[in-house]
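K.L.:
Given the coordinates of chain L, assemble chain F onto it according to the supplied hints.
Protein chains in written order, with this note's numbering: chain L, 1 to 174; chain F, 1 to 67.
Hints were generated in silico from the structure; no laboratory data involved.
Keep in mind that the hints are not guaranteed to be accurate.
[What the hints assert, rightly or not] Residues from chain L that face chain F, not an exhaustive set, calculated with beta carbons under 10 Å:
{"id": "1", "residue": "E169"}
{"id": "2", "residue": "A172"}
{"id": "3", "residue": "F173"}
{"id": "4", "residue": "V174"}
Each residue gets a CB set at the ideal place from its N, CA and C atoms; glycine is no exception.
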Amino acid sequence: MVTRDPLSSSTRRLVQALRVICLLALGLFALLAGALLVSPELVTRGGWPLDALPAGPLRWAALAIGVLLLAPPAWAAAELTRLSTAFLSGEVYAPAPARHLSRAGKALLLTAASGVAARPALDLLVGLSQGGGSVSVTIGSGDLVLLGCGLLLQALGRVLADAARLAAENRAFV
Amino acid sequence: MPIVVTLDVMMARRKMRGRDLAARVGITEANLSLLKSGKVKGVRFSTLEAICEALDCQPGDLLRWEE
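Chain L extracted, bound-state conformation (with noise of 0.2 Å):
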């Protein structure tokens, strides 16, 4: 059974905030993932090593790997919107809500993997397109803030279905 808990003015104007952010980065993922396929060269001034690849099946595998990259952001953000729509209806204290919460700390755990793990994927290929070269495993300051936030909203979601469970249990007595 799931009980409704109306939010107070301010926090319903928060997670309303949160809920149009989210919706705005849902789309301007599936922007930028239209636009890598269509106009593959703006991928170069992001730092993307396309003009190093030659045209063929490594430069689709580059793209590929850009667009791939864009998908767990992307669930991360689809999650917080899920969340803030559940919060909005009044759904706080409840099994859903703590589900949303935890898959969105396990998708920014997977941005900041595949974040790491693309750019000597990249290297690679470029490296296979010159017939050699290095691959190095970098880790930047980014990928760790997104490691610690991904951990911090998977606690946080722990926290939550805790919670729910505490909530379901009063509602048991009466």
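P.N.:
Below, chain F without anything else, positioned relative to chain L:
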């Protein structure tokens, strides 16, 4: 469950309707019905106190243990 709720007996003795008791105790009629049928995990002391006050009885008049 070995604990039997005899709230309906006490309500009949006091000639009190469910709607009136629910209003005096401050719970919904649905919850009062669940309590009467014993379909709840537990009852709060505050609810028990309010029921005892409304029906002028002891907690033992509302609950009975059966083997």
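K.L.:
Determine which of the earlier numbered hints do not hold for this structure and return their numbers in increasing order.
P.N.:
none
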